[in-house]
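Add chain B to chain A, keeping to what the hints say.
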Amino acid sequence: MKPEWLTRYFTTRKGRGCVAEILTPSHPLSFPSRESGPDAACVILSVEPPLALLDLRCRDKAALNAFLNEPTGLGSSTVAARKTNPKASLSRLGPDWWQLRCHSRALADHLLDKADDTLVAVTDISDAYVAICLSGSRVRDVLAKAATIDLHREAFPVDSVARTLLGRVTVIVTCTKADSGGAFDIVVSRSNARFLWNWLIDAAREYGYTLKSAPEA
Amino acid sequence: MDGATYRVLDGCRINKDKPLDFWFNGEKFTGYAGDTLASALLAYGAFPVGRGLKYHRPRGIYTAGSEEPNALIQLETGGRTQPNLRATQVELYGNLIATSVNAWPSINFDLWRVNDWLSPLLPAGFYYKTFMGGGVATGRWWRLFESSIRRAAGFGKAPSAPDPDRYERMNAHCDVLVIGAGPAGLAAAAAAVKMGCRVILADEQAQIGGDLLADDREINGAPALDWVGATLKTLSKAPDVRVLNRTTVAGLYDDNFVIAVESVGDRNGPPAPSQLPRLRMWRIRARQIVLATGAHERPYVFPNNDVPGVLLGHAIRHYAGGYGVVPGRRVLLGTTNDSAYRTARMLSEAGLGVTLADSREAPPPSLVEAVTRVGVTVEVGFAISAVRGSRRVCGAEISRILRDGAVASAPRSMEADLVGVSGGWNPALHLASHRGAKPVWNETQACFVPSNLTALGIHAAGAVTGVGALADCLDQGHAAGRAASKAAGKIRRTRKPVIEGDDVADPVPLQKIWAVDNRQPGGKRGKAFVDLQNDVTTRDIALAAQENYRSVEHLKRYTTLGMGTDQGKTSNVIGLALMGQQTALEPEAMGVTTFRPPYTPIPFGALVGRDQGELFDPVRETPMFDWHVANGAIFENVQLWKRAYAYLKPGETLEQAVKREVLAVRNGVGIMDASTLGKIDLKGPDIVKLLNMVYTNRWDTLKVGSARYGLMCREDGMIFDDGVTARLGKDHYVMTTTSGNAAIVLAWLEEWLQTEWPDMQVFATSITEAYATTTVAGPTARDLMSSLDSDIDWSNDAFPHMTVRTGKVMGVPARVFRVSFSGETSYEINLPARYGMALWEALVVRGAIPFGTEALHVLRAEKGFILVGQETDGTVTPFDVGMGWAVSKKKDFIGKRSYARKDTARQDRKHLVGLLPVNKSTVLPEGGQIVDDADQEAPMAMLGHVTSSYWSPMLNSGFALALLKNGRNRSGDTIHILSLDGNADEARVVDPVFYDKERARMRG
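Line by line, the protein sequences give chains A and B. Converting from the first sequence to the working numbering requires adding 12 to each position, the first position being numbered 1. Converting from the second sequence to the working numbering requires adding 5 to each position, the first position being numbered 1.
It should be emphasised that the hints constitute simulated quantities derived from the structure, not laboratory data. Where hints are given, some of them may not hold.
[As the list claims (entries may be wrong)] List time: in silico EDC-like cross-link candidates among lysine to aspartate or glutamate, alpha-carbon distance up to 16 Å: (1) B:K735 with A:D125; (2) B:K735 with A:E166; (3) B:K694 with B:E755; (4) B:K901 with B:E720; (5) B:K495 with A:E166; (6) B:K443 with B:E558; (7) B:K23 with B:E96; (8) B:K694 with B:D705; (9) A:K126 with B:E755.
So that you can see chain A by itself, here it is in the shape it has in the complex:
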């Protein structure tokens, strides 16, 4: 039997007349918003808008800074942390590895055009990932079910970034807010997104949760 979410998904898509000539983007987490459980404010799972995400590889920090400073106003950090401003967020994932989340597609395209593939290798990985935001008073408890790393507010303060396993799925998790239980941005590969989403919903069942649907892709 087809799961309910799948039926819903197809009804919606067919209703939109998706077999037209213009290709319509789709999102693996296209569900209506809903609330469930004892206290829906305990855990809030929201699907973030589609990403404009660039993978940056560079062994020369000066070159990276020169590449990024003018268009983004951001520079590399020395620790696994996120730097953010209204234009973009830059997360360091490894000694020569960053991910830049552009807040506009135009900025991402500009940087892709600008890249020369020698000193700074820039790869568009926007569609490889899906972003989820987790917040609520019990968000750290839900994450504690999924992650073995310490996500306590002192050990993992705002703008900390970690590439880790969440529910046995590789993710990049960033703390985005400390108060009201905290908020976390989770970037997960597109193929695993639905598994992780369902995993997190199941983990939040004992507290109650709110699901906020994916915006129009």
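Just chain B now, with coordinates in the frame of chain A:
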């Protein structure tokens, strides 16, 4: 069941306003909220609740905690049933259902009791000697009695239905984990909080307070429970403290990784609120640990010490103080130390007749005077030497005792229906043992204590160190909390609080008595049990010594001492001490067996958690997955990917679907979801150097816009992956890999780049998921592509085989590869993944037939294309599969030197060949072994095996690929393929390319 007439006191743990009905062995009982199953049952008297493992003698509740050897019960029924829970740890809830285990047909009439009467024939080692020891009769005897023995052995029954409950797992981190929330643990937690630590306090009991809950102790001149409440309040106000009651720490591992199991839903009974887990497994990573696990009281052994109504002395106090239950009217307490005096005083003050037999010649006068004043009869220098009764205590004997436990006088008969024994205390050092800390013998307290813990990041405090005084426990707790905090890097000046206990002013050390040797005339004889759960008696220990078992580990295995669910918590030390007496060794020299995790049994559900059903394993879905599901696809798992295997129309069989899909590609156009193929973006000026090293062929001449096939080998020269790499720009390539090896190849590249060639300027980035890949294949593929709105010229001249083009397809930026795994004209369209579904639907609307991986396998096998992992298995070189053309002789690459090895250079290795069955309708078995002569004697000379085998609608015949010894030189030979059913199929060795040998179709 008649009234709970043994509930004679108020208990601080129960709420008498909340009566709860429950069922035990089919009878209805009533207890109160706060009761354990054990306390609620004892309120009805000390009747049998279990049977011994071997002799099936009636057994009653013996302890009040996790050390319980007797009262194992089966909780609930159906899928929720749990075997071997200790009644002493099961919290009572309304309509609880519990049954006894290990009795047949019933607890009150157990036919296996016959073993008790036959016991002279069933000494320790009986089973080994009779059934395992060899000899002519061994096997025959075992076959004869096996089913009966198996039925009689073991406790409890495994559930026969799926468990409907939820189980959860949590990770937690802390500076200090305090295990045990008695006085020492609470003091340690409070100290660590003051030092600014993140603290987790875990205790197996429902209520915090440990031993203080069972007693009328005082701290700082006020009731101890006031101090417990105040400390808990302090902890609850601290921001980073987690108090986990009902949580048993089950295992300690390296680096202070700890597992603990919290009972969550169990206490509510079925059905637990559906969202709540029944149990929660905690995985705690603690910087430092305070071990405040307390101690288990141990008995001393005497004849008939297993009769229901014989309890540990401390357990009697526990049930009286905590639950108001005293399961007897006339109490005999036997002790070797000070601790039983509190019990005696409590019971006597409650109006019960109490006799206290203290084996010591000079107990503390203040204690004797205090209990005598309230009516307790104290018999100094006496010990319990026997108990009378079978189904419950109906009397006892005491005897004057010598220092070594020998009886020095004729026994005196005592009226008693409740017997408490207190032989000293065994520190609960099991968790320290998990970390490999060897226990050492403390002669003063006559017990093993943990040692050398600090280096492991563990700080022991309280009774686990062997101390007994409350003040010492509190002091040690505070000190351990501070020490652990400092070691965790939290250094803060704090003032030591004044905490004083109400300990006896003139304590007297305990007397070491392990067993009362009752050989005086007129003395009651009977079995004296050392290990109540496994029915190990003093005679069994003596027999082991007589048979020259010396090591405690051998003693354990020979007698089963210390095995089972209680792991010998009350019996181990006595057993080894008795062994020492037999062999003239002190306990220190004997040592103890190793305690291993878990501390108490863990249900499988807690280990599994939510990793079941749809959440059993992560699943990877392609952007077109929903379409596949909605259109009848059946899936195959490729690593974690769900790949469409075939699309079954209503009424269609798999074979019919595959045939339809194959013919669609050969005669028209088919589309396949190839999004799972590994895609690695390569950037940097040294890509050609990298490709030349990781692939066997040359890459110097690849032009922008062109693509090339490559074979990747390990250092041993064996194929481990293949794929097409295309050049998109001067310093920009895209490598494709097999679906299953995408992550492995990326890691392989990174390993070489980071460890061997750090100067190579290449960056590799996975883009597998960034693109949805749709393969369009078939003789009319170009027509289909031309129907799409695109700025790409699809003509063969402008876009020939093995090239790549970028442009827009239906308004979306695309990379299109002209490569073919089917042997037909084929395009691989790579679009940003979000557009994958829409393109797929657009192609279907245009008449393309979706085909799955099975059709693809048929198509590629007809062409003789290898599939890594099917034609290769880590022992196959490029030359073996006839791909020497892809191996350059002019450059170095990983694996090249291995081809000079004698074995890889052999000309008669197994080669890839094609097979055509003589009977065309046969599809040869994949994996089938190839032999020349199917009638030869075993062991047969195996020549190779079938690697891929399918039915070909184009050939109208079965066909196969195989690895055959010296295969290239055996073309035309007839060989035989063995099936598992013992039959053999005949087949002819042919060229591995079955279809379009000129390769004109894919180039066209």
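Hint numbers contradicted by this structure = 2 and 9
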